[in-house]
Amino acid sequence: MGLSRRRFLQFLALGAAGAVSACAPAGAPTSPATTQPAREFSGRLVIYSSIFADGAEALKKGFEQAHPKVTVEFINPGGTEVILKRLDAERARPQADLMHSGFSLEYREAKKLGLIEPVDPREIMGDLPETLDLGGTKIPLKDQDNYFFVWGIQFGGIEINTERLKALNLPRPESLQDLTKPVYKGHIIFMKPQNSSTAFTNVLYTYHALGNDDAKFKEFWDKLNANIAFYTEKSATLYALVAKGEAAIGIAGSRAVYRDQQEGYPVDFIYPADGSVVLDNSMALVKGAPNRELALEFMRWHLAREGQEAIAPTFYTPVRPGIKMPRPEVTLEFALKNIPKVIVPDPDIADRKRAEILRMFDAYTQGRSR
Amino acid sequence: MPTLRVAPVEAGLKAAIKPRLNPFSFIYAAAGAYIAAFLVLPVGRILVETAFALAEAEAPLEPGFGEYVARITLNSVFVAGFTALVSVALGLPLAFFTVKVMTPARGLFRVLLALPLITPPFISAFATILLLGRTGVLTQLLVRIGLPEVYIYGPAGLTLTHVLHFTPLAYLTVAAGLQVVPAAVEEAAASLGSGTARTLVRVVLPYIRPHILMAAVLVFLASFGDVGAPLLLAGDFRVLPLETYTSFNSFQVDRRVSLILASWSILLAFLVLLIMKRLMAQTQVAHTFTTRTFVYRARLLRWLGFGFCLAATGLLFLPYVVIVISSFGTVWTTGLLPAAFTLRNYQFILTNLQDIKNSLVLSTIGTPLCVGLAFSLGKLFRDYGPRAAWLDYLVLLPFVIPGVVIGIGLVKGYPGFQPLGIPLLLPIAYSVRRLPYALRVATAGYSRIDRTIEEASLALGASPWRTFWRVTWPQLIPALAATSAVAFIRIITELGSTLIILPPGWRTAPVAIFYYAAEGFIGRASAISVVLIAIVALGSALANLDYSRLIGRLKTRL
Chain A
1 MGLSRRRFLQ FLALGAAGAV SACAPAGAPT SPATTQPARE FSGRLVIYSS
51 IFADGAEALK KGFEQAHPKV TVEFINPGGT EVILKRLDAE RARPQADLMH
101 SGFSLEYREA KKLGLIEPVD PREIMGDLPE TLDLGGTKIP LKDQDNYFFV
151 WGIQFGGIEI NTERLKALNL PRPESLQDLT KPVYKGHIIF MKPQNSSTAF
201 TNVLYTYHAL GNDDAKFKEF WDKLNANIAF YTEKSATLYA LVAKGEAAIG
251 IAGSRAVYRD QQEGYPVDFI YPADGSVVLD NSMALVKGAP NRELALEFMR
301 WHLAREGQEA IAPTFYTPVR PGIKMPRPEV TLEFALKNIP KVIVPDPDIA
351 DRKRAEILRM FDAYTQGRSR
Chain B
1 MPTLRVAPVE AGLKAAIKPR LNPFSFIYAA AGAYIAAFLV LPVGRILVET
51 AFALAEAEAP LEPGFGEYVA RITLNSVFVA GFTALVSVAL GLPLAFFTVK
101 VMTPARGLFR VLLALPLITP PFISAFATIL LLGRTGVLTQ LLVRIGLPEV
151 YIYGPAGLTL THVLHFTPLA YLTVAAGLQV VPAAVEEAAA SLGSGTARTL
201 VRVVLPYIRP HILMAAVLVF LASFGDVGAP LLLAGDFRVL PLETYTSFNS
251 FQVDRRVSLI LASWSILLAF LVLLIMKRLM AQTQVAHTFT TRTFVYRARL
301 LRWLGFGFCL AATGLLFLPY VVIVISSFGT VWTTGLLPAA FTLRNYQFIL
351 TNLQDIKNSL VLSTIGTPLC VGLAFSLGKL FRDYGPRAAW LDYLVLLPFV
401 IPGVVIGIGL VKGYPGFQPL GIPLLLPIAY SVRRLPYALR VATAGYSRID
451 RTIEEASLAL GASPWRTFWR VTWPQLIPAL AATSAVAFIR IITELGSTLI
501 ILPPGWRTAP VAIFYYAAEG FIGRASAISV VLIAIVALGS ALANLDYSRL
551 IGRLKTRL
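Order-wise, the sequence lines are chains A and B. For what it's worth, this note's numbering labels the leading residue of the first sequence as 1, then goes sequentially. For what it's worth, this note's numbering labels the leading residue of the second sequence as 1, then goes sequentially.
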């Protein structure tokens with residue numbers, strides 16, 4: 001009995017998936033998604049995502065390989081804030097199926113605005129637990145009302161250009177408090193929290209690190225703002241400028257720093273002594289998504305072993321344990337050993353303080369408009 | 001023996017003096033409706049929304065907001081003004097040496113000097129960082145000889161980038177003026193004993209004063225409306241288009257801010273265009289006749305011209321040299337060259353051609369729309385004269401309004417507009433946004449047509465329709481090529497409106513360059529820039545071929 005080419009490939013894929021599952025480290029949960037017979041999907045999946053180009057390319061390639069009749073279109077309109085803006089503008093006729101990347105705090109905004117819709121976690125999470133245990137700190141991997149799901153994490157901290165720091169004879173900062181010292185004046189860059197979810201989450205984290213004390217928070221940022229050379233419009237620009245040596249220090253997320261390091265740029269990432277915030281990359285189904293079933297399949301695939309393995313080479317730390325990473329620095333184990341203190345953003349405080357924080361940064365950035 | 005046919009002559013003349021009755025009325029109506037739907041309504045919508053947002057507001061704007069708007073406006077004026085001044089100061093001698101002096105290789109200089117215009121300004125900004133950033137190549141050389149680092153994140157970097165990018169615009173405008181200075185005027189001055197310098201200062205410069213002013217205004221507007229370079233280089237120095245763009249893109253700040261800034265940009269655009277229109281009226285007079293150009297042949301002047309053109313062209317080309325080097329490089333940080341050389345950036349393009357294909361497809365749809373509009377409106381302005389001045393004024397608005405504002409207006413006005421599955425909103429945005437450039441060239445083409453030939457055709461009984469296609473159109477062919485080239489170049493490099501509209505699956509090459517550059521994939525961004533520049537250069541070279549002569553030759557051979 002002859003097999004068609006497609007059928008043969010399907011068997012091959014199932015066999016390969018089974019082999020991968022069998023090779024997973026002991027104790028690593030096996031995703032049921034890999035053992036289920038694959039349903040055939042076709043069509044075009046549109047994803048509004050603030051993910052970097054390398055991550056988008058890896059996910060597109062992986063999902064299109066798993067579903068050869070599907071085309072994935074990643075659109076990055078310029079950051080998570082812009083995605084919210086665009087989803088709102090298209091509310092009457094949604095063009096996207098998924099909102100992707102950016103951190104959970106932004107997804108809470110999308111949820112409040114009615115831009116995303118809930119998904120039954122049983123459909124997409126498989127055996128993935130609802131929280132990730134980071135040395136006793138519980139990181140939620142889904143919204144309590146099932147509106148959004150976390151697919152990868154990274155940590156907030158300090159990026160340094162080692163060559164630039166050496167050329168300027170600057171000491172290596174060890175904490176965010178260090179960055180308020182006059183010696184660093186004009187050598188730090190940061191993104192505008194008004195435009196960047198990475199920046200907003202990092203700012204909120206300093207609030208938590210300072211004991212949620214309004215006065216200390218304001219004093220800290222007044223000092224840090226005085227040392228900041230300028231604010232970039234996008235988080236991506238910050239990484240590019242520090243990697244190039246245009247700035248010695250940036251306040252950033254870990255993923256892009258390790259990627260640039262791998263590329264050969266003289267950069268390093270410092271987990272600050274005052275704590276590192278968890279930056280939880282999330283995704284959600286767009287309300288009224290034109291291709292709902294396909295979007296759900298992507299979410300399921302992304303959280304299953306295949307999707308997590310697809311993204312791992314680009315240094316996004318998967319939430320599913322046991323995924324092989326290209327470098328030890330981006331494993332959860334390394335982070336746990338090296339992070340002095342893990343800080344999880346408090347969403348309720350974020351909601352309460354958001355307007356005030358953005359106003360504060362409006363004053364900082366507008367006041368700097370020489 | 002031919003007989004005189006009086007009645008048809010009268011009919012033809014009647015048609016000529018009653019343009020409303022000719023078949024072009026339908027074309028004018030269609031062009032007007034297009035402008036109303038895709039320019040007036042989106043822009044008007046923003047103004048109306050601003051009025052409502054302010055009227056319905058419960059809380060006042062943040063204290064100091066007015067001061068902030070004034071500051072960013074002044075910042076924009078400062079950069080644009082200084083850019084205009086320096087660009088004209090550079091463009092004027094360049095134009096003189098390549099048009100009025102027998103400078104060696106002046107033909108080559110003319111081609112090379114136009115090239116920077118075919119790249120988006122943000123590519124120039126990115127090159128400025130590679131050259132003069134804190135770890136830039138030139139900065140390293142300056143530091144090695146004991147000079148301090150240049151700080152480019154602010155007005156200095158922005159102005160430098162704009163000067164390098166927009167000087168060709170000043171050069172081309174002034175060169176166009178110098179080409180129409182009648183040789184007789186300079187010959188008369190020379191015969192009366194006036195030296196070269198005196199003739200230039202007392203005769204030529206006053207003659208081309210409108211073109212010099214126009215060059216300054218064009219550069220001012222181009223610099224004033226640019227958002228690409230400030231996105232990379234502004235630092236703390238905020239300018240109006242950048243703030244409009246970022247406030248539009250920011251979801252969680254006071255929505256009135258973006259509306260106010262957009263409306264303020266629109267009102268400023270009207271003000272600047274008022275000045276521009278007055279200048280255009282003067283330059284159009286100069287364009288209406290062509291003449292022989294007087295050329296200076298003094299040996300010293302020729303070699304002085306060669307030296308100046310060589311230095312200026314080298315300066316303007318420096319950014320592109322580093323982009324080409326970067327396109328073959330791996331990581332480029334603090335060395336004078338990249339850490340290693342590779343072909344992987346070009347290999348990446350070869351396996352990911354979709355962005356370039358998209359750019360070509362969208363430009364191929366957008367260019368005919370833009371050119372069709374330009375020629376329809378050009379004819380309308382010619383037929384209706386001052387009565388259509390308000391429309392002429394209106395269609396120049398996109399020259400000054402940031403692309404992102406037009407993009408937002410269109411997305412809000414026509415969400416998901418994809419007739420037959422074709423994402424037409426983007427080519428439509430391009431056609432409207434780049435119309436001012438195409439319209440200027442088309443209008444110049446019309447202004448060179450001898451009306452007496454058309455009148456003769458009408459007098460002999462040909463209808464206005466037939467007269468246009470048999471008499472006017474053949475004379476417009478060179479202008480058609482030039483208009484198409486200008487429209488294509490400006491469309492394929494458009495970024496602002498694309499960033500906002502970008503339909504799924506249609507990412508363009510400029511957007512890809514922008515994201516790759518912003519995300520640190522410098523080599524990849526450079527390689528796509530090089531390919532884009534090559535495509536545009538090829539396109540403009542094809543458009544500049546003398547097709548009338550080419551067709552004539554082919555006919556002769558056949």
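FYI, nobody ran anything at the bench for these hints, they're computed from the structure. Please note: incorrect hints may appear among the correct ones.
Stated by the list, open to error - Below, in silico cross-link-like pairs of lysine to any residue (SDA-like), each with a Cα-Cα straight-line distance of 25 Å or less:
(1) Lys337/A / Thr131/A
(2) Lys181/A / Glu149/B
(3) Lys166/A / Leu147/B
(4) Lys166/A / Thr180/A
(5) Lys60/A / Leu360/B
Claimed, not checked - With the Cβ distance kept under 8 Å, some of the chain A side facing chain B (calculated, not the full set):
(6) Asn76
(7) Gly78
(8) Asp133
(9) Gly135
(10) Gly136
(11) Phe220
Glycine included, each C-beta is placed from N, C-alpha and C at the ideal position.
Against the structure, the hints:
1. For a cut-off of 25 Å, the pair hint linking lysine 337/A to threonine 131/A stands: about 19 Å separates their Cα positions.
2. Between lysine 181/A and glutamate 149/B the CA atoms are separated by roughly 23 Å; this keeps the pair inside 25 Å, and the hint holds.
3. Among the hinted pairs, lysine 166/A with leucine 147/B is consistent with the structure: their alpha-carbon atoms are about 19 Å apart, no more than 25 Å.
4. Straight-line distance between C-alpha atoms of lysine 166/A and threonine 180/A comes to about 19 Å, which keeps the hinted pair within the 25 Å bound.
5. For the hint pairing lysine 60/A with leucine 360/B, the CA-to-CA distance comes to about 23 Å; that is within 25 Å, so the pair holds.
6. Because the smallest distance between the Cβ of asparagine 76/A and any Cβ of chain B comes to about 6 Å, under 8 Å, the interface hint for this residue holds.
7. Interface hint at glycine 78/A: satisfied, since its Cβ lies 6 Å from the closest Cβ of chain B, which is below the 8 Å cut-off.
8. With a least beta-carbon distance of about 32 Å to chain B, the hint placing aspartate 133/A at the interface is violated under the 8 Å criterion.
9. Annotation: interface hint on glycine 135/A violated; nearest CB of chain B at approximately 31 Å, more than 8 Å.
10. Checking glycine 136/A against chain B by beta carbon gives a least distance of about 33 Å; that is not within 8 Å, so the hint is violated.
11. The interface hint given for phenylalanine 220/A is violated, since its Cβ lies 20 Å from the closest Cβ of chain B, which is over the 8 Å cut-off.
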